[in-house]
Structures are given as structure tokens and as C-alpha cells.
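Chains as they are written, first to last, in the working numbering: chain A, 1 to 326; chain B, 327 to 790.
Read the hints as simulated data drawn from the structure, not as lab findings. Predicted model, so just to flag it, every value in this text is computed and none were measured. Please note: incorrect hints may appear among the correct ones.
Just a sample of chain A residues kept apart from chain B, beta carbon distances all over 10 Å, derived [claimed, not checked]:
hint, residue
1, L140
2, D186
3, S242
4, G280
5, A288
6, R313
Which bits of chain B does chain A cover? Going by a derived footprint, with three or more residues having C-beta under 8 Å, they are [stated by the list, open to error]:
hint, stretch
7, 379-385
8, 475-484
9, 573-584
No residue lacks a Cβ here, since even glycine has one placed at the ideal position from N, Cα and C.
For reference, the chains in residue letters:
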Amino acid sequence: MRTGYTISAIGHALVLGWGLVSFSAKPFEVPPADAVVADVISETEFSQLTAGSKTAQQTSKPTPVVDKIGDVKAPSKVPQLKVADKPEVQTETAPPPAPLQPDLKPPEQKLPESKPEPKPAPQPAAAEPKPEPDPIAEALRREEAKQKEEAKKLEEARKREEARKREEARRREEAKKREEVKSDLDRIETALLDKRAPQRQAVTGTMINPTPSLGSTTGNAPQLLQNEDARLQAMLNAQLASCWTPPVGVREAKGLVVHVSFSLNRDGSVSGQPIVTNRGSNPLFQIAAETAVRAVLSCHFRLPPSKYDSWQRVDASFDPIEMFGG
Amino acid sequence: MYDRFRSYNFKIDLDRDRRSNAPLTRRRAVLLGAAAGIGAVAAFGADPARAVLTVDVNRGNVQPMPIALPDFLTGSPPDGQSARGISQIITANLRRSGLFAPIDPAAFIERISDTDVQPRYPDWRAINAQALVTGRATRQPDGRMRVEFRLWDVFGATQLAGQQYFSTPDNFRRIAHIISDQIYERLTGEKGYFDSRIVFIDETGPKDRRIKRLAMMDQDGAGVRYLTNGSDLVLTPRFSPSTQEITYMSFGQGEPRVYLFNTETQQREIVGNFPGMTFSPRFTPDGQRVIMSLQQGANSNLFVMDLRSKATTRLTDTAAIDTSPCYSPDGSRICFESDRGGRPQIYIMSAGGGPAQRLSFGDESYSTPVWSPRGDLIAFTKQGQGSFAIGVMGVDGKGERILTEGFHNEGPTFAPNGRVLMFFRDPGGNTGPALHTIDITGRNELRVPTPSFASDPAWSPLLA
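Excised from the complex, chain A in its bound form (with noise of 0.2 Å):
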């Protein structure tokens, strides 16, 4: 037993003594990482905030973030996806409409018949006025009714050639509809896939854009992209130039190098007391120092507060060689 504890104490401190001797040996480096910045509101807030107008105006399509001109990718076609279709679904109040066809064709049919026999038939009426007055009356009754029939005929037929027609009619409303869902859903469609390019770094456009537009479904969050830091940078360099008077009794400039580092406050206040980190040769080096320090500590700086991560250490030199002539 006492060799296991042994074992396991021997092996227990190894494990745990390499740990800590190689925990301690690299750094951590941690890449500069994206900058968002975050508000926290309630929901009642958030839905004010997305409340929007009625009577607002109609805005624009947003435009996505640019960095560079370049080609504008149109949108790739996307192929219509068709909805399958649905197999006509009929009701039983719509009359059948193959057997309306044959029925129009016999009451045409017979009304020419029936024509010309009104016309023979006076004339025999004519021709046999005096002697047969009844039969002529009743061929006359006859044809009567059957006009009327013929004529109740022709009303049922233009009835329902009207009920065909509306059925038609309705058919191809519903046909119509039917095409508009679809095309309703096609959009819908095209509208849910990705149409973007596929895209690396940049966004390319007709028109530089660095702010991405609210709204915009394609925006991207802001990175610190190189030429970020050297902005900051120039913008640092401006505002301290203009804070530093350099020392004035300066007969020669070499030496007179001054290293200060200092951090600021999200206000742009320096923070503490700025440091200064180098030792000049020059007997005027404290005068420069001084100097240097108090254009930090004089300055209100005035940076962009959502890169606050970037610019809250400063390391600044400030050299009068060139202002001088060494």
C-alpha cells in the first residue's frame, strides 16, 4: 500500500508540477477581438424602439456595409420552384359541363323546322279558307303551343348555356388565384434563400460605406482591420501636436526624446499620471519631459469611445528634432 501512495503521491506532484511550470511559461495572447457594443433594455423598450411610424415614409433598401468599389454581384436567379399541382376539386353544385354541349344543338336544330312550318301552314289555311275553319283554327292552336314549347325550350337552353358560361367563368377565377399563391410562394421563396455572393472579407460595392445601415440583413460587425489602428493613431498624433509646445531653450534637439505612457478613462480624461519612460541625455531632458507631460495631462482627447479597447493604453514619444533642426 505505502509503495501505491507513493506512486500516485510521485506521480500526483509531476503532473501538477508541470502544469505550473508550463501554465506560467507562454503568455496568453489574446487577438484584438471584435468591439460590439452592447446595450441591455427591457422589452418593452425594444419593442418602442422597433415600433416604427404608420405615417413614417417608405426608406430606401438598405445599403450593406462597403469597404471597397468593386463589381456588384447581382443576386443569382434563383429557379422558380413550382408548388405542385393540386388536381381541380369539383363541387357538386357545378353542373358537368360535357353534357350541356349536345343539348344546345337539337332546340337550334328544331327551331328552323318549326319556322317554316307557321308559313305553310297558313297557306293551306289560305288556300282552304271557307270549309275548314276549325281544323285551320286548331292548326293554328297547334302551332301556338308548340312555339310555346319551343320558346320554353330555348329559355332553358340560354339558361343553362348562361350557368355554363358563369361556370367557366368561375373556374378561371379560381385558376387565376391558384396562379397568384403560387407566385406568392415562389417569392417567399426566393426571398428566404441567400443570395449573397459568397463573400471573404470585404464587402465590394458602387459606393464606400463604412457604417453599416441599420436594418441591413447583410451587415457585418466592426472589425479592427489595420488601417483602423492607424487611424486611431493619426487622430492620437493630431490632438497631442496640438497640445505640446515643445521646450523653447533648445539649442540642440538630439536627446531630447521623451517616452510617456499613460491610459485614458471611456471620457478621453487621462487616467492616473502619465509615466514617463526614458532618460535623455540632454541637460534640457527634464524641461522636455515636463512638457511632454503636461500636453498629455493638458489635452482633452477625443476618440471614438466604441474603440475604447484599442486606445486606452497610450504609448507616446514626442520628439522636437524636427521642429528644431537637430
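Chain B: place on chain A using the hints.
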């Protein structure tokens, strides 16, 4: 197998019982050590490495430093005027230097009531004062006046300098100049020049009958004293660089004489009779000898004379006019004006004589060279095409710069710190000459107030 299993379990139970009863076994120790180790690793807590922004600032803003100078306090009412006078003299000195911008007292927020406590820095930061001077003038029981001052760094929230001086009450002007020098030196790194005097020729009367008197005053124009009575024509006074002595030329009964005047003892003595002399001698840096030009026939050559023994040494022997010599601050070289090249130009020569090196090359005439007390520049008068210019050039002849141009500028003289030049300008016509100062960068040209017309200034070294 079942039995074996059971016996195994039994064994473990026994062991567990034994372990739970033992106070600190090896396993427990290791566990504790591990926990401690993990705790230590967690405690190191690697700081999230944040990027540090580096900036290289190579250009600054050359502007006067805003400085606040509230009135000096006083212990006793009779000294109130002196105390206020001291503050005003210091304010005027600093403003005139062109390197400071005193803030209007009406803008002050805090009223200084005690010079021995720290001021309320936020009040002074609010008016953008970068430095603050507080002081007090009190009369001592023995009749002397004690003046003390403190110089504060407003943004750095520390005291930069503090001193106290004892003197007679009527000497408050000099104390004010000394304090001005202290402030100037602490903030710019350069030696000051306020505690010095100017000797010049005071001219009064109509243009055809000008009365010229030798006069001396503080560098800010106060305390004018006349050293001659005006009966004789006096010219070109020169100050010794190290002693408070002046040489000047006086045209008395026909022949020009060189006089030596001690401003502190008010003693005057004759250096000698020098027929044909046009300019006064200049002193060597140690003040023991003078260098001069003496005319012989059509030529003029340089001589050095010891003031005590009157022994004379010839320096140049050319068939040209060599005149207006001046020593370098270390006494090793002299610069002078010579027309050996056809036109008056500036030359440099070793103090013991020998070959001369030409410094100026131009179509104009260069005259009256003076060597800066810092040793880096030579100032001169340049005359050409009807205009007179005051300029400076390096001691190697390079970097010539004209500071001011016009009609008629002449006679530059350096302040003790080599940063400011004084010269006189005669506009001609019915007016007379006046004294002007200008910074060697060419900025901040100011007129020096004199009771009347003034010419031929010479700047003394620091009095202290």
C-alpha cells in the same frame, strides 16, 4: 469467482475505514498540495493582454505658455504697493519675452490667501493655466524686505520652484527681475535675461543739434540714469561680458578718447587717446583687455590692449579696413569686419592673430558683427539696396537669417542668454532713433520705452 469478488469488496471496505480515520495521509497531503497549486495558478490570473497604441509626435505647437500670476501677498499694508509692483514687473517681463502668456487676473477663480499651502489645482486647470506663481513680500523687523515665491505646475500638481530673498525695500525691482529669471529658467530650461541693464546713447533736441548723453537703464526701461552731461559727443558704449564696466568713446576737445566706466562704483578712467578711432573697443570675456581698431593712413587694423598695463598687441596688418572686432564667449576667436575682399564682410580669426576666415558672402555689406553669449550665432548689420537688415548666421557662416529689415537698422547687441537681440532703428525724417528688441527666431519685435530718442544700445551681462 463470486467469493473472490466478495473478498475484494471486503478488502476495499477495510481500507476505506482505515483511510477515513487517519489524520493526514500522504494522499491527503498530495491532494492539498494539488489544490494549493491550482489555487496559485488561478491566483496568478493572467492579465488579458491589451494592445497598447503607440504614437510618435514630431510636431508641436509653438505658442506662449499660459501662466497665472496673481498679486503677491503682503504682510503689512505699506508693502502692498511693492508686492503688487513685483507681480506686475514679473508679468511684464514674462509677457515681453514672447514665450509666456500671462492670464488676465479677472479670470482667476481661486483667491490665493496663503502661499504655503497647495493651490486648488482644478480652479487653475479650468482657466487653462499651465503654471502658477504665488508669492509674498513682508517687511522684517530689521527693516529688510523679505520676498518669497513659489512656482506651481498646475497639471502635474507639484511645486516646481520656490525661493526667498532679502533686500532693502526699494530694491524690489531687482528682486522681481531675479524671480522672473528663476521662473523663465525653470520653465524653458534657458537662463533668463531679465536681471540686466542696457547702456545706450540718449539723444534729445532737434536733429541738427542733438544732445547725446550716455544713459543706463534696466532692461525693461525703468530706472534711467544719465552718466554724462551731454557736453561732449559720446558714442558706442560697450559692456564688459563679465564685469559691470563700460567703455565708450567721447569726442571732447577734438580728439576721441576712450573711457572706462564702472557702473557699480561710478568710477571713470581714461583708457587712452586714440586718434582715428571710429568704434569703441570691446572687452575680452575676462574683462581685462580690450580689442580695438586703429586707423593708420587709409588702413585700419586690429589691436589688443591690456587695460591695466596698457600694453598693445597688433593683430592684423593688412592694406584694408579691419574694424568692429568682437570676441567669442570663450575668448579663443574674434570676429570682425573687413573690406579686404572689396566690400565690408565678416571674418573670423584666432584671438592671437593669423589667417582670417571669411564668413559672409554676398553682394551686400556686412558690418558690426557681435558674437552671441551662447557661442552659436553671430549677429550683424547687412546693408544693401537702400535697406538695412539685422540678421544672424552660424559661426561657420551657414544658416544666415534676416530678422528685420528696413531703414535704418543698426548695432545689434545680444541679451545675456543669447536669445534676444536689441538694436536701434532710425526711421529718418523728423523723428529720431529708438531701441527695439527681437527674438532670434525673428518673432516678437518690441519697442523698448526710453525717455527720448535712443541709439547704440549695449546689453550688460546678468547683474547677479
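A quick look at each hint next to the structure:
| no. | hint | result |
| --- | --- | --- |
| 1 | L140 | 117 Å, holds |
| 2 | D186 | 50 Å, holds |
| 3 | S242 | 6 Å, violated |
| 4 | G280 | 12 Å, holds |
| 5 | A288 | 8 Å, violated |
| 6 | R313 | 5 Å, violated |
| 7 | 379-385 | holds (count 7) |
| 8 | 475-484 | holds (count 3) |
| 9 | 573-584 | violated (count 0) |
Of the hints listed earlier, those the structure fails to meet are numbers 3, 5, 6 and 9, in rising order.
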